[in-house]
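Peer 1: Could you build all of it, start to finish, from the sequences and the hints given here?
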Amino acid sequence: MRRLENKVAVITGAARGIGLAIAEKFAEEGATVIITDMNQSYIDESVQELKNKKYDVAGICMNVTDSQNVEECFKEITDIWGKIDILVNNAGITRDNLLMRMKDEDWDAVIHTNLKGTFTTTKSATRIMLNQKSGSIINIASVIGVIGNAGQANYAASKGGIIALTKSTAKELGSRNIRCNAVAPGYIETAMTATLEESIREEYAKSIPLKRMGQPIDVANLCLFLASDEASYITGQTLMVDGGLVM
Amino acid sequence: MDITTKVKELIKEKLNVDENEIVPAARFIEDLGADSLDTVELIMKFEEEFDMEIPETEADKLRTVQEAIDYIEKNLK
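Here the protein sequences line up with chains A and B, keeping their order.
If you count by this note's numbering, then the first sequence holds residues 12 to 258, one letter each, in order.
If you count by this note's numbering, then the second sequence holds residues 20 to 96, one letter each, in order.
Please keep in mind that the hints were generated in silico from the structure rather than gathered at the bench.
Errors might be hidden in some of the hints.
What the hints assert, rightly or not - Across the chosen pairs, the derived CB separations fall in these ranges:
1. B/G52 x A/K217: 54 to 62 Å
2. B/L56 x A/Q51: 57 to 65 Å
3. A/N142 x B/I22: 20 to 28 Å
4. A/M12 x B/T23: 42 to 50 Å
5. A/S243 x B/T23: 18 to 26 Å
6. B/E68 x A/A202: 41 to 49 Å
Heads up, the beta-carbon is just placed ideally off N, CA and C, and yes, glycines get one too.
Peer 2: The structure is reproduced here in structure tokens:
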């Protein structure tokens, strides 16, 4: 039996990058996967790509910063699929700049999408998972949320916030068999990190004990474990997928 | 089914308590063994069942079976 057989999983920001890798991995393991994202054409493209592989996937355009929209989308999901076993809060953006040059709107945008976006979906999913008396919530944080980074004060704050939110969620919902963990990727090769200059990427790679950047599948594999029943006694944790960068 | 019967049924189902214990003066937390999450879930059940919204400030005041029944009877559309 596959590891997520008969499970319904919602993954935010899953039309590309790490989210898409998680969606594919979960689908491969038998889950019904609902991909949410802001961009309908990216969603259509990714859903089609996964459907071509005979996976059970669907897409919904959802804005995680809009709690009413999130509530409506989750209602639609439960109307169709009846439950939500797994929620992966992956939607995230960057607006990098040095603190002194950072505009309020860049701060707000990152905090809203990354941190508030995790809160809104968790809140909506919790109502559903409480009735089920089970669920696994996985929040995608970042090593930056643990160690900080020059030029990423907003991103670091949002990811550090996600780690704290993860612990509170785990404490509040543990008695109902709802687990919540954070995954903190290090430098993963995606569109988000592709904008870095080659020399900077090489410099980063040198500082990683495993001497290479990670791949989206590395993150997806950890998410799979946390989503599955194999992790049934693990909650409130932040696990790094970073080639040993932070220890 | 009248409101009192339905409310009692929801309490019984949610808190898993004996019907005889659900007397009007019974307090959800102290007498019926609910924890804070149970009370939130119970309010959600009332909202769902009676198709109404119970504001947070009002929800905090509903501590006994009778208080919940009274509130729902008074505010039902």
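Peer 1: Can the suggested window of 54 to 62 Å be confirmed for the beta-carbon pair B/G52 and A/K217?
Peer 2: This hint holds: roughly 58 Å between Cβ atoms.
Peer 1: Is it true that the C-beta distance of B/L56 to A/Q51 lies inside 57 to 65 Å, as the hint says?
Peer 2: 37 Å, violated
Peer 1: Evaluate the given range 42 to 50 Å for the C-beta pair formed by A/M12 and B/T23.
Peer 2: 47 Å, holds
Peer 1: CB of A/N142 to CB of B/I22, is that within 20 to 28 Å?
Peer 2: With a Cβ separation near 22 Å, A/N142 and B/I22 satisfy 20 to 28 Å, so the hint holds.
Peer 1: Taking the CB of B/E68 and the CB of A/A202, does the distance hold inside 41 to 49 Å?
Peer 2: Given a distance of about 47 Å, which is inside 41 to 49 Å, the answer is holds.
Peer 1: That 18 to 26 Å hint for A/S243 and B/T23 (C-beta), does it hold up?
Peer 2: 40 Å, violated
When held up to the earlier numbered hints, the structure conflicts with 2 and 5 and fits the remainder.
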